[in-house]
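Sequence order for the protein chains is H and D.
Just so you know, we're using numbering that gives the first Met the number 0 here: the first sequence kicks off at 0 and counts up by one.
Just so you know, we're using numbering that gives the first Met the number 0 here: the second sequence kicks off at 0 and counts up by one.
By construction, these hints were calculated from the structure, which means they are not laboratory data.
You may find that some hints are simply not true.
Unchecked claim - Take a look, some chain H residues computed to stay more than 10 angstroms from chain D by CB distance: (1) 93; (2) 99; (3) 330.
What the hints assert, rightly or not - With the C-beta cut set under 8 angstroms, the calculated list includes, among others, these residues of chain H facing chain D: (4) 68; (5) 101; (6) 107; (7) 111; (8) 113; (9) 118; (10) 122; (11) 125; (12) 308; (13) 309; (14) 311; (15) 349; (16) 353.
In this text, a Cβ means the ideal position worked out from N, Cα and C, and glycines have one as well.
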Amino acid sequence: MAETTSTTPSARSSGATGATIELENLTKRYHGNPQPAVDNVTMEIAAGETVVFVGPSGCGKSTTLKMINRLIEPTSGRIRIGGEDVTDIDPVGLRRKVGYAIQSSGLFPHMTVAQNIGIVPKMTGWPKSRIRARVEEMLDLVGLDPGEFHGRYPRQLSGGQQQRVGVARALAADPPVLLMDEPFGAVDPITRDHLQDELIRLQRELHKTIVFVTHDFDEAIKLGDRIAVLREQSHIAQFDTPEAILTNPADDFVSGFVGAGAALKRLNLTRVGDVEITDYPTATVDDPLQDIFQRLRAGGTNEILLLDKRGRPYKWLRRGDLMRAKGSLARAGTLVHDTVTRDATLRDALEAVLTDNAGRVAVTGRRGAYEGVVDMETLINSVHEMLEADRLDALEHQHDLEESRAGQTRPGQGGGGSGERGAPA
Amino acid sequence: MSTTGGRRPGGEHEVRGLVFRDDGEAETEPEPEPRPPSPARAGRRISRQKLTLLPALLIAVLLATWLWFRQAELDPVSENALSDGRVSKALWQHVELTVISTFFVLIIAIPLGVLLTRAAFRKATPVAMALANTGQATPAIGLLALLVIWLGIGRRAALIGIIVYAVLPVLSNTIAGLKANDPTLLEAARGIGMSPLGVLTRVELPLAVPLILAGVRTALVLNVGTATLATFGGGGGLGVLITTGITNQRMPVLVLGSILTVALALLVDWLASLAELLLRPRGLEVGT
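Can you build the whole structure from these sequences, using the hints too?
Pasting the structure below:
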């Protein structure tokens, strides 16, 4: 996912892409409390990057987020968005340029979906026709049918739908920066998974700068280009790519937060399309039996994948099946139960391979057409390669870090992205 | 409150049941669900029963009273008290007293309630509530007597008495309604860039409307009742008929005054309940 950072041109010409966010020595103290709630946070977030703040409850991650749009005024420190110092400008004007999405309770229950989405453009003085068009566009963008959902009230929607509307509202005025405060905290796990996928898809199209707060480390790994693991008072324990945090946690606190099964979580970060897909002998249902026999013998395998008329995986055929088929393929072979797409994570692929009785799964592309096969061996090999590469990266990175620490004593900052600076000589 | 008549008939739970069923691709499929509310729904909020039952009852009572008076033999004292349009004048005065006092109650209590829920004035809330409480705890007739001593006989003293008496329900309901709003919702409103005034007018007040209206309804009914006391301060109204009936021991006059007062109170309450249903923001009724 690290490649999403503004390397590909924006698919939507209309969209304003992300802006940088710089936090400098940001501190929040509350009256009567000697300990600051947020202590001296310094952080740079690149344009178009998704940064996830993750940490235990009460660590100040939410407070830090709310200081970016100054819902909570910082006691000291500076905030810069897109290079502009916004620490002292009018907070109302600032917030209209920064999208804000929270849990479903953030929708106004007395306004329709359309009114909820259109409210920020309306406040900024867009003409009515433009607002209407924008509302339709946003509903479409978050995967809700405009005709159907336009006039509904939030209470007539499911939790997941409300959340989509919340994201649509945050994006309606096309802000370069989007702040999300545990937006998927209140929905069930299945819906949450869908919403996360949608957000990844959206971000691929829009390239906003997203700051996302969660206490769920798996969510952080899935969504973040970089993750800031925060401990109490918002001290940054580690600020790095998900890969680096998984393979090389900075200290016990971070590894405690990563939890068990880092290698398994690593599988979530790689897509099937990134690993080697083996070719498999195939035949289509229209092929004459004789041809299929020939191909089986030539392929040297015991099995052949039968595709249907549209090129989609249909049946696995063994030699023995063909012997018994007696001229008709109608009853021979075993049906293909499960396939994975190129965009599926390796974890999904592993799941499919483990449940398949022969330990392989067909990979499909557009419209479910066959593209290749992944089996246990490929998976194990690619995971090994991946972990090895991560380890090398992390070592290099650690070296970098130690050097920069020796140079400037600022322990809080993790440095910008692994592998960007070349290896030290 | 007996406002249950306006609930949407059934169907409200189907919507909630969707939570686990949909999402992902399923959303594009047509769902067997009540259509989104259209403007036409406004009419459906009020059931036919609600619309007709009470007016029919009132008409029946008034008709019966009128028939009884047509055949009743009235002595000169009663005749004198009821002739020359005195009844309609008293009724009209009563309506005026009610309307004017309610108007002032609204423009005093609602802004005061808004003010007292702002951060800057929140500390003054207990004091203001205590004052409003005293206003209502004081016997209305005692309050009126004091005001007459202070301001002299006339409609002004009567009106002020009625207003002081009715501020409390509207004020306390306004405060309660505004305080009941979900703080995270208000934070979201500020977070998307609403000014403090915008948050108040677009989010806080609309959401507090049901409670505020309930307070207004209480105040209206109270005012119809208290206005009968205006006669002691020289303010007129249906109280004139009642007191005349009592002091002269003329049953028909007393009965007519009472029946008209009761009918007016019920009518006002009915109108207010309709207003409550019509003015409540859409979207709040599902699941509440």
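> Out of the numbered hints, which ones does the structure contradict?
Replying inline: 1, 2, 8, 11, 12, 13, 14, 15, 16
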